[in-house]
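If you're matching them up, the sequences are chains A and B in order. So in the working numbering, the last one in the first sequence is 122, and the numbering has no gaps at all. So in the working numbering, the last one in the second sequence is 1270, and the numbering has no gaps at all.
The set of hints was computed from the structure by calculation and includes no laboratory data. Cβ atoms here follow ideal geometry from the backbone N, Cα and C, with glycine treated the same way. Please note that a few of the clues may not be correct.
Simulated crosslink set (DSS-like; lysine-lysine; CA at most 30 Å straight-line) [unchecked claim]:
1. 1126/B to 1166/B
2. 117/A to 1256/B
3. 1239/B to 1256/B
4. 1106/B to 117/A
5. 1126/B to 117/A
6. 1256/B to 45/A
7. 1120/B to 1085/B
8. 1166/B to 1085/B
9. 1166/B to 1120/B
10. 1166/B to 1216/B
11. 1166/B to 1239/B
12. 1126/B to 1106/B
Not everything, but these chain A residues come out facing chain B in the computed CB check (under 10 Å) [said to hold, decoys possible]:
13. 23
14. 34
15. 37
16. 115
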Amino acid sequence: MVLVIANTTRRLDTRYVEAALTLGANRLRLLWQVVVPGILPDLYKDLRILLGWAWTYLIVAELIGTSSGITWFITQQARYKNFDMVFAALIILGLIGLLSDLLLERMGRRLFPWQEKRLGGS
Amino acid sequence: MAAVETQVQSSSSVKLAFRDLGKTFFVQGEPKLALQNINAEIRTGEFVSIVGASGCGKSTLIRIAAGLEQASEGGVYVEDNLVIKPGQDRGMVFQQFSLFPWLTVKENVMFGLQDQCPDKARRGEKALVWVERVGLGEFVDYYPNQLSGGMQQRVAIARALAPGPKVLLMDEPFAALDAQTRGRMQRHLLEIWRNLNITVVFITHDLEEAVLLADKIFVLAPKPGRLVATLPIDIPRTKDDLERDKYGPEFERVFKELSALLADSVPLDH
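Based on the provided sequences and hints, a complete structural model is requested.
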């Protein structure tokens, strides 16, 4: 996760930093008023992706470990060869993942309204 | 409307000077001479354009003036003070995408005023004056992504000028705009320049633009970047004491002279 954040920070357009410097910004102002707000949207996207990984790890862990929950249900149903139930459960898992990401994306748009491109005139 | 503070100087004093300026980059361990022995002076209130073929180092030169890069030899002097780092005394307008996208138009312009004006409300008022001055009063609370290229550049200009710099540095500011918008912006810039009597250094690869706007043109040749000619432009600014007639015979003559100077500036073998 540290790598991801470091990379996102590195990718911040240097022009923002340079513009801020020419406007008299010192190190502290650069950090808090330029770098942090600058990387926030990309950081948020990174977190959404990381959430996907976490979700995957969770399912894998459950498959190995538990005796309750959806993954347990899947292994049980597979054992009884009720593959239609297996697929139903898989679809539910997928839907949960998709919906949570959609929700985060919607939230992201509210958090970062400046990302929308709309022409106002010329 | 509050007057913008500018330095009261006699028009013959030197505002910005390049003295024995050289810059060497290291590309994969090999030294590459980008600029060599640049000596030039710009007087207070002058509009100077720097032109040259791609790779002649004009961007590097203006970035050193802005303090974003360091010279290897010599330096840039603003009112006889050596430039070592970026500062508000030299406002800079980049070609594009330099506005802070997470701030509105007004907030972008307010950014540079934080030191001078700790009170947020006052800062907002001052910024508003500048936003209206560049004709974007209706768009104060818009985000940069919602504006066209021309509007964004107007905000960039307002933002750079709001803190009251001594020099305005512009790195091909209109290159990314369509021809019509560029024409309007050029006119707009001349008005601002005249009203503030500010010193402008304007980089462009568009010769017509240079002849249209500048009092004086520095011609740079590439490999290594050298100043090969200084061309004063004497064509009268007939339109409202600002613009020149692009289609007049004098313009054509100067344009041809400038084109010839550029064609002659061949890279030296090094």
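Q) Any of the earlier hints contradicted here, and which numbers? A) Structure breaks hints 2, 6.
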